[in-house]
Amino acid sequence: MKRLQQAIDMRREGDIAESTALLESIEEKDGRIYFECAWNYSILANARQAIDNYKQAIEQGLPKDLLKKAYMDLACNYFELHQYKQAERILDKGICEFGDSEAFRAMATIADYKLGKPKHAIVDLMQLLLDPKPSKEIAKYKTELMHYVQR
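If you're matching positions, the sequence shown starts at 1 in full-length UniProt numbering and goes up one per residue.
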């Protein structure tokens, strides 16, 4: 646990490569170690390594708040590789696991659009936009959503 915290502190200080090396050196990895390692690989724009580690993290088990982030980040890394079908599959799992999550639904509309289902995407997006209460969850992922919408 001490090495995990060290690696997280290194990442916060901007030393991503050292943080990743420390996490990779831990022999007995649990879901949290894989999750933190995946996060580092995402920062380093190494989507393939991030995907492998997020899959391991999910398989090993994570607390619900980290599991939600792992699903979202895994989908984002699939987006980076233009693997929209895989992203859609992960987003669907996230929606099943976390109910009617606006963030997962918003990302799923982008996947639908990229997969040639613009009508479905627009209908879902309009439902999200016309909801009378603004979504704090969508606001939390605004940067990621704008990044993929503009591509």
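Errors might be hidden in some of the hints.
[Stated by the list, open to error] Straight-line Cα separation of at most 20 angstroms, DMTMM-like style, residue types lysine to aspartate or glutamate; simulated pairs:
#1 K68 - E97
#2 K55 - E13
#3 K85 - E97
#4 K55 - D124
#5 K119 - E102
#6 K69 - E137
#7 K2 - E28
#8 K55 - E24
#9 K85 - D65
#10 K55 - E27
#11 K114 - E102
#12 K68 - E18
#13 K69 - E27
#14 K93 - D52
#15 K136 - E102
#16 K85 - E137
#17 K29 - E18
#18 K68 - E27
#19 K55 - D15
#20 K64 - E80
#21 K69 - D30
#22 K114 - E97
#23 K2 - E102
#24 K55 - D9
#25 K69 - E88
Treat the hints as calculated values from the structure; they're not laboratory data.
What you are looking at is a predicted structure, and each value in this text was computed from that prediction instead of being measured.
Cross-check of the supplied hints:
Annotation: proposed proximity of K68 to E97 holds, straight-line Cα distance about 8 angstroms (limit 20 angstroms). With a CA separation close to 26 angstroms, the supplied pair K55 and E13 exceeds the 20 angstroms bound. Proximity of K85 to E97 is assessed by CA-CA distance (about 18 angstroms); at most 20 angstroms being required, the pair is judged to hold. Restraint check for K55 and D124: not satisfied, since their Cα atoms lie roughly 27 angstroms apart, outside the 20 angstroms limit.
Straight-line distance between C-alpha atoms of K119 and E102 comes to about 18 angstroms, which keeps the hinted pair within the 20 angstroms bound. With a C-alpha separation of about 12 angstroms, the suggested pairing of K69 with E137 holds against the 20 angstroms cut-off. Distance restraint check for K2 and E28: the Cα-Cα separation of roughly 13 angstroms lies within the 20 angstroms cut-off, and the hinted pair is therefore satisfied. Taking the CA atoms of K55 and E24, the gap is near 15 angstroms; set against the 20 angstroms cutoff, the hint holds.
For the given pair, K85 sits about 24 angstroms from D65 by alpha-carbon distance, which is inconsistent with the 20 angstroms threshold. A hinted pair counts as satisfied when its Cα atoms are at most 20 angstroms apart, and K55 with E27 qualifies at roughly 18 angstroms. At roughly 19 angstroms between alpha-carbon atoms, K114 and E102 fall within 20 angstroms of each other, so this suggested pair holds. Between K68 and E18 the alpha-carbon distance is near 26 angstroms, which puts this suggested pair outside the 20 angstroms criterion.
Of the pairs offered as hints, the one joining K69 and E27 is violated, with about 24 angstroms between alpha carbons and a cut-off of 20 angstroms exceeded. Restraint check for K93 and D52: satisfied, since their Cα atoms lie roughly 17 angstroms apart, inside the 20 angstroms limit. With a C-alpha separation of about 9 angstroms, the suggested pairing of K136 with E102 holds against the 20 angstroms cut-off. Restraint check for K85 and E137: not satisfied, since their Cα atoms lie roughly 23 angstroms apart, outside the 20 angstroms limit.
Proposed proximity of K29 and E18 is supported: the alpha carbons are some 17 angstroms apart, at most 20 angstroms. For the given pair, K68 sits about 25 angstroms from E27 by alpha-carbon distance, which is inconsistent with the 20 angstroms threshold. Annotation: proposed proximity of K55 to D15 is violated, straight-line Cα distance about 24 angstroms (limit 20 angstroms). For the hint pairing K64 with E80, the CA-to-CA distance comes to about 24 angstroms; that exceeds 20 angstroms, so the pair is violated.
Among the hinted pairs, K69 with D30 is consistent with the structure: their alpha-carbon atoms are about 16 angstroms apart, no more than 20 angstroms. Only pairs whose Cα atoms come within 20 angstroms are accepted, and K114 paired with E97 is rejected, the gap being roughly 23 angstroms. The straight-line distance between the Cα atoms of K2 and E102 is roughly 35 angstroms, outside the 20 angstroms bound, and the hint therefore fails. At most 20 angstroms may separate the alpha-carbon atoms for a hinted pair to count; K55 and D9 exceed this at roughly 23 angstroms.
As the CA atoms of K69 and E88 are separated by approximately 15 angstroms, the hinted pair is consistent with the 20 angstroms bound.
Violation of the numbered hints given earlier is confined to hints 2, 4, 9, 12, 13, 16, 18, 19, 20, 22, 23 and 24; the remaining hints are satisfied by the structure.
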